[in-house]
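With the hints as constraints, model all of the structure from the sequences given.
Okay, so the sequence shown: first residue is 1 according to UniProt numbering, each after it adds one.
Note that these hints are calculated values from the structure, not bench results.
Keep in mind the model is a prediction, meaning the values are calculated, not measured.
Do not take every clue at face value.
[What the hints assert, rightly or not] Cross-link-like lysine-lysine pairs, in silico, PhoX-like; alpha carbons within 25 Å at most: (1) LYS112 / LYS189; (2) LYS338 / LYS112; (3) LYS392 / LYS224; (4) LYS251 / LYS189; (5) LYS143 / LYS226; (6) LYS78 / LYS189; (7) LYS251 / LYS144; (8) LYS226 / LYS78; (9) LYS338 / LYS311; (10) LYS327 / LYS112; (11) LYS224 / LYS214; (12) LYS144 / LYS226; (13) LYS197 / LYS311.
[To be verified] So the derived label-pair ranges between C-beta atoms look like this: (14) GLU211 / ALA243: 30 to 36 Å; (15) GLN359 / VAL105: 41 to 47 Å; (16) THR53 / ALA138: 28 to 34 Å.
Ideal placement from N, C-alpha and C gives every residue a C-beta, glycine not left out.
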Amino acid sequence: MTSNALTPGIVSGRLPAEDLVENFSDLHPPLDDHEALVAADRCYFCHDAPCMTACPTDIDIPLFIRQIATGTPDAAAKTILEQNILGGMCARVCPTETLCEQVCVRETAEGKPVEIGNLQRYATDTLMASGVHPFTRAAATGKKVAVVGAGPAGLSCAHRLASKGHDVTIYDARAKSGGLNEFGIAAYKSVDNFAEKEVDWLLQIGGITVEHGKGLGAGLSLEKLKADYDAVFLGIGLAGVNALNVDGEDKDGVLDAVDFIAELRQADDLSQVAIGRDVVVIGGGMTAVDAAVQAKLLGALNVSLVYRRGKDRMNASAFEQELAATKGVRIITNASPKAVIGNGAVQEIEFEYTDDDLQATGQTVRLAADQVFKAIGQQLGGDDLPAVERGKITVSGAGRTSMAGVWAGGDCASGGDDLTVTAVAEGRDAAEDIHAALSA
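Structure follows, in structure tokens:
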């Protein structure tokens with residue numbers, strides 16, 4: 001029997017293969033040469049440009065756009081990559097609408113910013129397509145650095161350290177590198193295995209060895225790494241998912257949104273990915289939106305995203321919220337989960353309406369659900385870590401932890417937004433600090 005949107009339960013094959021291909025095509029198709037020149041021509045090349053200040057990696061945005069405008073996209077790419085070695089992925093997933101493009105002078109004056117993200121992608125894609133790696137490694141220093149975690153922070157740190165001449169070993173518990181970029185981003189934001197290709201391109205710098213299947217507590221100890229290496233950088237991200245802490249949470253069909261997104265990203269055949277007819281996603285951030293939108297794109301009949309506060313408090317940007325709505329996701333705000341209901345497997349989930357201070361109103365609503373995805377934040381995992389405060393490794397300056405010789409950055413560390421671009425900046429800055437310490 002062929003499945004469709006009306007088929008009850010969690011099943012695969014709700015949509016024809018051709019519909020899935022269209023649904024999961026590139027969210028922002030790349031600019032062609034002419035489109036890039038037209039887009040670049042809109043830039044005022046501001047002095048003290050506000051877009052530069054808004055960029056967590058401090059890319060010289062007016063310069064790279066001028067380089068595109070003058071027909072030198074390879075030079076533009078190098079300008080970008082000198083500050084953000086994962087500029088290609090960041091161009092795809094960075095919430096530019098709340099960063100550089102939000103403060104663009106043309107956005108302020110006309111309500112239409114320069115397409116900074118699309119132009120960044122145009123430049124970096126052009127360079128990567130040529131097979132060129134524009135950086136060369138300095139003479140070997142004889143120093144060894146361990147990087148734990150092959151996500152954005154770890155990769156950024158490793159590349160910068162390798163360029164300084166240090167020998168770097170990256171350890172990652174997963175079978176593939178990339179971290180969030182490979183496993184935690186919606187499939188329609190990174191098509192054609194781009195995350196994997198970007199890692200392969202980054203490693204062309206030389207001096208970096210990657211060992212998969214090894215993480216802290218899974219074949220590695222921090223004490224051993226400190227003894228074997230001159231410095232250690234922790235870019236381990238966040239592992240565990242916060243619990244709902246409601247009755248029935250352990251029922252079949254209640255899953256972590258990050259696992260669902262990872263399954264989608266690694267799927268060779270999307271028609272084999274099972275999805276419910278009635279899907280409820282709990283949370284208000286980018287992960288919640290990515291899960292909800294992709295559930296709809298797989299053919300779920302009803303998808304509801306439920307958040308405990310008001311829309312203005314959601315971590316997902318206005319663009320992401322609008323994307324979800326246009327794809328058919330129903331967004332329900334000011335509702336907190338109370339109980340998961342069903343006989344063995346989830347059939348309904350009950351919510352209680354709350355005000356903006358999370359005070360219960362006593363009014364409840366039940367939503368039909370054969371699949372529930374939790375996207376309410378993640379937790380730091382691992383033992384024997386440096387000092388931890390509020391669920392993250394405490395860092396000072398450029399990622400220095402409470403342990404001598406150990407730095408940290410990215411989602412596992414305190415101080416920054418949980419964004420790919422912020423993780424890249426923290427990894428880069430930690431690498432510079434490590435290099436200074438090893439050179440003293």
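Structure-based check of all given hints:
no., hint, in the structure
1, LYS112 / LYS189, "holds (22 Å)"
2, LYS338 / LYS112, "violated (42 Å)"
3, LYS392 / LYS224, "holds (22 Å)"
4, LYS251 / LYS189, "violated (31 Å)"
5, LYS143 / LYS226, "holds (13 Å)"
6, LYS78 / LYS189, "holds (23 Å)"
7, LYS251 / LYS144, "violated (47 Å)"
8, LYS226 / LYS78, "violated (34 Å)"
9, LYS338 / LYS311, "holds (20 Å)"
10, LYS327 / LYS112, "holds (23 Å)"
11, LYS224 / LYS214, "holds (13 Å)"
12, LYS144 / LYS226, "holds (11 Å)"
13, LYS197 / LYS311, "violated (36 Å)"
14, GLU211 / ALA243: 30 to 36 Å, "holds (32 Å)"
15, GLN359 / VAL105: 41 to 47 Å, "holds (42 Å)"
16, THR53 / ALA138: 28 to 34 Å, "holds (30 Å)"
Going down the numbered hints, you'll see the structure goes against 2, 4, 7, 8 and 13, while the others check out.
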